[in-house]
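*Asks:* Read off the chains here:
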Amino acid sequence: MIIKCPICGGDVEVPDDALPGELIDHECGITLEVVNEGGSIKLRPLEGVREDWGE
Amino acid sequence: MYVIKVGGKVLDRNLPKVVESISRELSKTPIVLAHGGGNVVTEYCRRLGVEPKFVTSPEGIRSRYTDRGELEVYVMVMAGKLNKEIVAGLVARGVKAVGITGADGPTLIAERKKRIVVIDERGRKRVIDGGYTGRVVSVNSDLLKTFLSNGYTVVVAPIAIDDEGNMLNVDADQVAFKISSTLRVDKLIILTDVPGVFVDGEVVKHIKADEVGDILSKVGAGMNRKLIEALNAIRSGVGEVVITSGIVEDPVGEVLRGNGTVVSQ
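Going down the list, the protein sequences come from chains F and B. According to numbering that gives the first Met the number 0, the first sequence is numbered sequentially starting from 0. According to numbering that gives the first Met the number 0, the second sequence is numbered sequentially starting from 0.
The hints are simulated quantities; they were obtained by calculation from the structure and are not laboratory data. Just so we're clear, the structure is a prediction, and the values are computed from it rather than from any experiment. Please note: incorrect hints may appear among the correct ones.
[Unchecked claim] Calculated cross-link-like contacts (lysine-lysine; reagent style DSSO-like; alpha-carbon spacing at most 30 Å): (1) B:K124 with F:K3; (2) B:K113 with F:K41; (3) B:K124 with F:K41.
The task is simple: from the sequences and hints, build the whole structure.
*Replies:* Laid out in structure tokens, this is it:
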């Protein structure tokens, strides 16, 4: 399915079997998170993530 | 003063010789020992019926995923079994030793990682809840200095605490680097299961701080993280960082004889 990028407005191809939390790197440079809002799939910019790991 | 980090594989394979080697150096300099032990946590999770979970980062680093059940085992093993085995080994050699976690004092203050990015079972990037892992944001050295000034060797387990009182699983390398930077130690020794930093199949003897950037692309993900942290530690005032094997007869003595990879200004 094709969804508009919330940042640049361009088309983003989202796999039909995409799950909430899945990430898509868009060509405009933003990483988008797949979210399920009221039963419909939407995209929002990825936030609140750190790349550190425990023991 | 030295900080010595001992990885889980080294504890597993060479604990008696490591504590013997450390106890020999204590007449010359005070030592803080930071330990890992994730492999032992995994073993005890299984024994207690808590199936360990692992996640893989987009960079390919496989790490423990610490949920509430696993955190309980993690704290029991790290603060209990492993920390006290090291303390007991030192005490048996006449060393005044005390074992703490970062929650004591508190000494290691961390932020819980609310969300982390992993590669899921379908090979796709996904963001998930971060569980009970954290990133050390500051070290309160009061308790460490109290013990050190009274002649104790301090053994620190990789458990930190956040501002809500949650105990968190933190990377033992990061613990060692943060304590070293805070205390501005002369030497940080990282005892691993390899003899140093390999580039093109050979151990590099010396890496200057301004050469670290060039070497990062030539080493694996785990060593890459160590080198980045080493660079930060040196810039914070640590004299030098030595990455070397802990699976030899006298690991600390080998460092003083010039073995391993030295990172310095």
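*Asks:* Evaluate each hint against the coordinates.
*Replies:* Do the hints match the structure? See the list:
1. B:K124 with F:K3: holds (20 Å)
2. B:K113 with F:K41: Holds: B:K113 and F:K41 sit about 21 Å apart, inside 30 Å.
3. B:K124 with F:K41: Given pair B:K124, F:K41 holds - Cα atoms ~17 Å apart, limit 30 Å.
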